[in-house]
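Chemist: The residues making up each chain are set out below.
There are 2 protein chains.
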Amino acid sequence: MGDSFWLWYPGDMELYYAMKQNFSRVERGMGWPAFWKSESFRNRVVFMRHYELAQAATFTVYSKAVGFVYADERKFPFGTPIRLEKGPHNIRIHCGRIDAFPSVYIEGDAVRSDKGWLVSDYDRPEVPAGMNEAFRDKNADPDTWHFSEKIYEPVSVTTEKEGFLYDFGVELTAVVEAEDTLPGTVIYCGESREEALDSVNCYQRYEADGQGRTERCAVRFVFISGERRTVRAIHQYVDIPVRASFSVEDARLTRIWEVSARTLALCSGIFFIDGIKRDRWIWGGDAYQSLQVNPYLFADPDIDRRTLTALRGSDPVTTHINTIADYSMLWLASVWDHYRLYGDREYLALMYPKMKTLMAFLLDQRDARGFFIGRPGDWLYIDWADFDREGPLGAEQMAFAGCWMAMSRAADALGLTGDHSFYENGRQEFRQAVRDAYWDEEKGAFVDSFASGRRRVGRQTNIFALRFGVASEEERGSILRNVILNSDVPPITTPYFAFYELDELGKAGRVKELYERMTAYWGGMLDRGAATFWEEYDPEAPAESQYDMYGDRFGKSLCHAWAASPLYLIGRYLVGLELTWSEETGAGFICRPDLAYMDGLKAEFPVACGRKTLKISFAEGILTVSTDAEDGKVVLGEDEYTLCPGRTYSFSLR
Amino acid sequence: MGDSFWLWYPGDMELYYAMKQNFSRVERGMGWPAFWKSESFRNRVVFMRHYELAQAATFTVYSKAVGFVYADERKFPFGTPIRLEKGPHNIRIHCGRIDAFPSVYIEGDAVRSDKGWLVSDYDRPEVPAGMNEAFRDKNADPDTWHFSEKIYEPVSVTTEKEGFLYDFGVELTAVVEAEDTLPGTVIYCGESREEALDSVNCYQRYEADGQGRTERCAVRFVFISGERRTVRAIHQYVDIPVRASFSVEDARLTRIWEVSARTLALCSGIFFIDGIKRDRWIWGGDAYQSLQVNPYLFADPDIDRRTLTALRGSDPVTTHINTIADYSMLWLASVWDHYRLYGDREYLALMYPKMKTLMAFLLDQRDARGFFIGRPGDWLYIDWADFDREGPLGAEQMAFAGCWMAMSRAADALGLTGDHSFYENGRQEFRQAVRDAYWDEEKGAFVDSFASGRRRVGRQTNIFALRFGVASEEERGSILRNVILNSDVPPITTPYFAFYELDELGKAGRVKELYERMTAYWGGMLDRGAATFWEEYDPEAPAESQYDMYGDRFGKSLCHAWAASPLYLIGRYLVGLELTWSEETGAGFICRPDLAYMDGLKAEFPVACGRKTLKISFAEGILTVSTDAEDGKVVLGEDEYTLCPGRTYSFSLR
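Listed in order, the protein sequences are those of chains A and B.
Going by the numbering used here, the residue at position 476 of the first sequence is 476; the numbering climbs one at a time, nothing skipped.
Going by the numbering used here, the residue at position 435 of the second sequence is 435; the numbering climbs one at a time, nothing skipped.
To be clear, the hints were calculated from the coordinates, so they are not data collected in a lab.
Check each hint, because a few of them may be wrong.
Using 16 Å as the maximum straight-line C-alpha spacing, the simulated EDC-like pairs for lysine to aspartate or glutamate come out as follows [stated by the list, open to error]: (1) K37(B) / D121(A); (2) K612(A) / D300(A); (3) K37(B) / D378(B); (4) K64(B) / D99(B); (5) K20(A) / D121(A); (6) K64(B) / E126(B); (7) K507(A) / E578(A); (8) K37(B) / D315(A); (9) K37(A) / E126(B); (10) K64(B) / E107(B); (11) K20(A) / D99(B); (12) K37(A) / D364(B); (13) K612(B) / D631(B); (14) K75(A) / D552(B); (15) K75(B) / E27(A); (16) K602(B) / D250(B); (17) K37(B) / E126(A); (18) K615(A) / E604(A); (19) K20(B) / E126(A); (20) K37(A) / D315(B); (21) K64(A) / D99(B); (22) K37(A) / D121(B); (23) K115(B) / E346(B).
Here are some chain A residues pointing at chain B (derived, C-beta under 10 Å) [as the list claims (entries may be wrong)]: (24) S24; (25) H94; (26) P102; (27) D121.
Note that the structure is predicted; figures quoted are calculated from it, not measured.
We put the beta carbon where it would ideally sit given N, CA and C, even for glycine.
Please model the complete structure; the sequences and the hints are all you need to start from.
Modeler: Here's what the structure looks like:
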């Protein structure tokens with residue numbers, strides 16, 4: 001039998017699991033489904049394919065859907081072998097299902113469910129069927145995701161209050177199981193010790209089921225009153241291989257990398273989510289960052305695709321992604337970046353029509369000057385920060401410039417010359433209009449609002465102006481001085497925007513500032529015992545309220561994807577690994593290590609879209625580099641070395 | 001506790017059950033989901049309401065959805081009592097569900113799930129929540145429809161072949177249960193004796209489950225090989241009360257009415273479907289006819305609403321109803337007729353926005369002259385018959401004229417003067433354009449095509465020209481002579497279009513021809529042993545192939561809703577009961593019995609939108625009439641009598 005996949009209407013699998021994901025948040029026994037439009041899978045589809053059989057062939061279709069196989073002019077039920085003679089054949093597989101997306105698996109040699117099937121939903125023209133490596137088992141309908149499991153035992157058990165506190169040492173997404181526990185016994189699961197011990201405010205508490213188990217939750221500490229029990233955590237996760245490692249003599253830096261890796265891995269399941277306790281939702285901005293960090297840990301393109309497909313949903317577009325206009329914008333940038341990072345032309349081509357319709361939805365929100373303005377119900381988020389929101393919001397225009405850029409580049413990459421010139425001309429015109437309206441020559445920076453006259457200068461607007469290609473080279477220097485390195489401008493307070501800011505510091509070659517800010521901020525969390533990085537961290541917060549957020553005693557997520565950006569910052573600016581891509585030469589890399597921070601370095605990073613590895617170490621003044629990839633370079637000062645695959649290079653830098 | 005209903009997003013319940021219905025067709029073990037776009041319910045909704053409580057109140061929310069209650073600024077889980085103090089309160093109930101539509105039931109005195117709740121799907125502005133009398137039990141989630149059940153025993157058991165044939169005497173939608181039957185034993189279920197006995201071609205055969213049962217199917221005859229068993233049929237149905245009765249001395253006419261009543265009742269479940277064996281689907285054209293017949297049997301407005309809501313689905317419109325353009329058109333006519341028949345302003349107002357968007361979808365398909373033309377994928381059905389399909393199809397224009405009329409009248413009824421003048425002007429212009437293009441003065445009839453020059457005259461085009469107000473009074477007479485009463489014009493062959501034709505005969509006062517055609521056609525089926533009326537009947541067909549259709553030995557549906565029109569034809573033209581409605585006076589009726597066919601009449605009919613009854617009998621020259629309704633009249637020849645509610649009138653007509 002040949003290799004077969006489960007097939008479905010493209011996007012249905014992602015929409016189904018996105019609903020499961022976005023409905024999975026639990027707060028003190030209450031479900032909290034995400035508060036935006038939830039798009040469903042299709043219920044009635046037909047798979048179709050034409051075969052020219054060189055010899056007779058037999059195949060069997062498996063499906064939980066209601067339906068039948070229509071081979072040429074004959075009908076067959078699912079589950080029974082169908083024999084076709086040599087020659088031309090048309091096969092259509094009719095499926096209807098309500099509780100989950102309809103899918104089929106076709107077992108056979110010549111006729112099987114591999115690439116080449118089309119599918120229609122009776123609404124739009126047929127498209128290539130969806131499939132995924134995760135669903136290749138004939139006996140496992142894709143309505144259930146089979147998580148990998150690993151059993152954890154507590155690393156310490158201490159007596160507390162009227163019972164025992166079990167510490168697993170690391171945070172997990174786990175079902176907790178307590179032996180010899182009567183059903184109904186309350187099991188308190190905490191991200192922090194304080195949370196597990198706080199029977200009133202603990203976010204995740206469960207009454208044990210018949211097996212003494214909880215639901216799957218975010219847990220490091222468990223408290224159960226009464227006698228000491230055998231407690232274990234059944235960690236359930238999506239096994240995305242980690243392809244990077246990093247250590248240096250600087251233990252704090254090493255630990256920041258490790259804790260970041262743990263944080264991102266926990267928040268990378270079927271999708272990139274924000275946090276494992278809260279919200280457990282798929283957010284476009286958070287996903288955009290995880291997608292940037294992914295190449296420096298997993299280099300896994302499939303989680304990108306699953307996440308981007310789930311976020312975007314189906315046409316027509318009627319609301320912004322997560323209700324946030326800038327998250328729609330970042331989605332466009334994400335699709336482009338995914339292509340840039342993995343050379344994934346097939347996915348770019350698949351998504352391009354949806355990029356266009358989302359861009360058209362954004363273009364409909366322009367004012368007479370071309371500036372993006374919000375509609376009722378739109379959230380112009382940008383960051384948890386103050387802005388001067390009078391008139392079109394400056395930071396939003398910067399993100400919108402990123403849309404023009406993503407569209408222009410995507411159209412160009414796909415060879416769509418008409419589209420390319422439309423978006424490229426639009427990009428240039430828009431960029432000029434934004435610079436004319438928002439650049440303040442006297443301040444040497446972009447302002448939040450041209451309409452108010454208040455000329456407020458904030459970091460977010462300027463950082464996005466740098467990020468999305470609005471600022472000129474000259475303005476870049478000015479922004480660095482007047483905004484980013486200017487302590488009079490109110491600081492960034494979220495790890496979310498800290499990523500963007502530190503990325504600009506890195507791009508500007510300010511690695512020292514980057515290192516200092518990073519180690520201060522993330523190191524501060526380590527000092528407070530963080531085993532994963534937090535949604536937000538205020539160095540001034542007293543210990544007794546350090547887990548507070550949104551007015552909730554344990555409202556803060558202690559394992560939050562957007563806090564994992566040191567993986568990127570360390571890899572990209574300290575190790576100096578820049579992943580490159582061009583249409584002509586494909587994937588490559590340039591490594592420019594900043595040896596000031598690299599004493600004792602032992603590291604590996606995925607390169608060549610995750611298919612190859614760069615090994616790098618630095619000890620006693622010797623830098624050792626090797627890779628199995630083509631098109632790798634090491635740059636040391638003024639010198640550039642092209643790496644031959646398979647050879648090991650040593651550079652004495654004493 | 002006050003009266004509560006389950007609440008959902010309006011339309012979701014109908015879309016969910018419509019999928020179940022349209023996926024329920026089974027042919028020889030194979031599911032055959034309907035071949036058109038299937039629209040799903042919403043998965044994430046929020047119910048909301050503001051209360052001003054005169055005193056403290058307690059309520060409890062029940063739901064199978066994931067979610068919580070947000071009362072003022074506090075969160076509560078489902079299933080626990082929530083107490084609110086006297087004063088103003090905002091309540092929001094958050095729900096997410098994947099396998100079925102999210103719904104809630106709120107138990108309480110002041111706060112409960114009655115009229116007044118709004119609901120949002122995070123896409124469009126909030127709307128009043130949906131509810132239905134069928135779902136009022138707190139313990140019965142609306143994800144399951146609880147059918148009424150009645151046990152039937154066979155009326156005869158005969159030995160046949162190697163086993164026994166069990167005849168229930170009437171057709172049923174039943175689970176068949178055979179006692180002492182091993183699992184896997186094959187149970188053959190037939191609409192006809194021949195089908196049950198044909199082990200190869202029988203449409204519905206089941207392997208008995210552990211209780212010796214089949215699935216719910218369309219069954220009158222059951223064959224099981226082996227010994228004689230105790231067999232019963234558990235008839236499962238939606239209990240829509242029959243409010244009409246009819247009998248006359250003319251046994252054939254009485255039997256036609258009875259068999260029609262049985263036929264329509266079986267095809268009227270959660271929705272009006274076409275047939276109970278096949279297709280078990282909700283078709284717009286079939287529903288349009290059932291909706292016309294409904295007032296003469298059930299006068300049940302709720303099945304109209306459920307069916308029309310299910311057919312129309314959600315916005316945006318992207319395909320025609322059942323893929324058939326004329327079924328989209330008949331849907332518009334149906335919504336208007338439903339209002340006209342029941343004065344159901346609330347439903348008209350609820351549907352009017354969807355009427356407008358569907359009309360806009362149709363208007364987009366006009367050519368330069370305003371004629372409706374099909375797009376790829378559109379089916380212009382009209383009838384199973386030959387047409388001259390060159391250029392815009394005449395019959396389709398006639399149906400389109402009906403859309404203009406429905407829109408104009410609906411806008412007028414809702415007091416939307418701008419819309420009304422738009423649609424009314426459009427209707428008049430369109431009608432003139434159609435008459436200019438399709439009327440053939442020499443033929444004295446409308447032609448199928450003005451483009452071909454072939455001047456083909458067919459019944460369908462002319463019948464729809466009469467039905468949808470295109471023909472002038474003068475043209476009416478001409479069409480009657482030159483088409484309907486002209487045996488040179490190819491006859492109608494489907495009961496579907498026979499309804500429209502006989503309706504025109506009746507309107508023209510040609511009751512004798514109507515009676516003769518009706519008794520010949522439907523009486524012919526009785527002569528062949530019909531216990532319900534068939535999808536199609538050819539008086540010339542030999543008995544051995546009388547159940548053939550679509551090249552299938554038992555492909556013909558023997559219980560088909562569109563064959564139940566004698567209920568309407570007898571009620572409307574023989575009994576002469578015309579149901580009237582006006583904005584000013586509401587519902588009324590005029591009864592003009594044609595006594596030529598009424599000897600021995602004993603009948604009751606629902607009037608006043610089903611709320612009242614007309615009793616009428618005729619024996620030995622005495623016509624006796626009474627009603628509890630206002631605004632009833634009897635017309636006998638030139639004399640008109642207004643009926644006082646509660647009084648019995650006798651007219652001696654010897």
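Chemist: Of the numbered hints stated previously, which ones are contradicted by the structure, given in increasing order?
Modeler: Failing hints, ascending: 5, 6, 12 and 19.
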